[in-house]
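Chemist: These are the residues of each chain, in order.
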Amino acid sequence: MSGNIKKEFTCIVCPIGCRITSEQAPDGSVVSITGNTCPRGERYVKSELTHPVRMLTTTMATTDGRIIPVRTSIPIAKELLFDAMEIINASLAPEKTEPGDVIIKNVLSTGADIIATGK
Amino acid sequence: MNKPLIIIGAGPAGLSAAIESAKSGLDCEDIVVLERDTRPGGILPQCIHNGFGLHKFGEELTGPEYALRLAGEAEALGIKIKLGATVLSIDQNRRVKYASEKEGVRELEGGAIVLAMGCRERPRGALGIAGTRPAGVYTAGCAQKLVNVMGMMPGKKVVILGSGDIGLIMARRMTLEGAKVEAVCELMSYSGGLARNIQQCLIDFGIPLYLSTTVVKIHGEDRLCGVTVAQVDENRRVIKGTERFIECDTLLLSCGLIPENELTRAAGIPIDKVTGGAIVDDRRETLAPGIFACGNVLHVHDLADFASDEGAIAGANAAKFILENQENTDKTIEYSRICARGAVRYTVPQRVVRGSETQVYFRVGAPVRSCTMTVRSGDDVVMSKPIRAITPGEMQKIALRAEWTKKDIEIEITEAAK
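Here the protein sequences come in this chain order: A and B.
Residue 121 in our numbering sits at position 116 of the first sequence, with consecutive numbering throughout.
Residue 994 in our numbering sits at position 253 of the second sequence, with consecutive numbering throughout.
Don't read these hints as lab results, they were simulated from the structure.
Incorrect hints may appear among the rest.
[As the list claims (entries may be wrong)] Mimicking PhoX-like on lysine-lysine, the simulated pairs with C-alpha atoms at most 25 Å apart in a straight line are:
(1) 1148/B to 1014/B
(2) 897/B to 83/A
(3) 1014/B to 1138/B
(4) 83/A to 921/B
(5) 823/B to 124/A
(6) 124/A to 886/B
(7) 1147/B to 1061/B
(8) 886/B to 101/A
(9) 823/B to 843/B
(10) 886/B to 838/B
(11) 1147/B to 1072/B
(12) 821/B to 764/B
(13) 83/A to 823/B
(14) 958/B to 898/B
(15) 843/B to 124/A
(16) 1014/B to 744/B
(17) 101/A to 124/A
(18) 124/A to 921/B
(19) 797/B to 124/A
(20) 83/A to 51/A
Please model the entire structure based on the sequences and the hints provided.
Modeler: Okay, here's the thing in structure tokens:
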């Protein structure tokens, strides 16, 4: 239908990386999403159209001078990635942190925690 | 008392081999895992990004989490890993010589061996890039270790050569830690990395990808100050006049992974020239009886999950070799060959025990679209199906039925007539 907006995405949810096409009406409502091989792809594109989010994986220093890998518990708004990095890089994880431990709760009010993924 | 199963390498393939060998009935006292690093996990502990475990565990884990899962499973089964133990040599009598600070130099005679030594990055020397030799030139994996394990930034202004996954992942990592990644250059006309990584590592951060482009000169005295890049034609030769200078203090090289088969070669075990790994059958046994290979030392995988799957196959069969006393069998095993044809560059395994069903992994040598995959058993076409676009960066698998492998197999991909 003319006036509709088509957009192309590469889904990042799994290593397959399906090419997904979305079609939106002029008012922004989603008319169709095609090309995904699983429902998560459809959810990803809907998310990209409204408010793109990304998982953040990085490292954090500990109080006893080591560094440990960390990640967000859930994806956070794409535009907050660098702000989250600043907070993580300014913080220190406790010495006895175990993988799975929450180090920072609800970073930047996103609802995501920063979790240790290694020792 | 059995001679032990000796597994060389405690990365995703080696750990999975150990776990599966225990589940196949080997006593954990009879499993020796030799790992030269100070902790298990292979390359995974420095791969702090997510994308691991989707196939194996149904969850998306980071590299360290995936490694901990496997190491934990091995520990729960009572499997001991000798850390800091470097294997110096192996031979076709399954003798393994290793050295560690704790034990000195030791020699073991194995009932079977599983090779799981992984792969190494192609260094600058092997690429022959002209110019000076300043500080600031690293392989991408080395930079990854500096940043993610040692907490050091290699530099501030970065050019990356090679758009395989390691290069893409490091483009994002360096950017998140405050560096400016000026460009990712790729010699080929297509990227070798996963499409999702182009999106989440380059497009998300506005990092340009220049295809058919390579680094032709490195500049700088004590420290890198820039690189000259140029476009290449379809024969990968530099197009004169396209040279341009990009200022940078760091060059990351992500130009290929090479299975590390020093030990394998020295033992005289035949290597496949295309994969760079040992020639194996469907049980992952090499041409040396009782010596098995799996994971990146056999052929470079895209996903740790598949390296683990392969480790499990090798581990189960190595255990069987010991438990069924196969070294003393007088049965001759008959094999059918598996041959790569057309656009297929290689297959693993290269042969299959006649009449067994198995999964064959393969890659194409160049991107193909609208093509047909044909499987022949002897002279008969047993399968033919259309395939949409596939690239060399995506390992494929196909199941072979038991009836098919009674004869030699050919796996062919041909592009549809234009």
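Chemist: Quick check: which numbered hints come out false for this structure?
Modeler: 10, 13, 16 and 18
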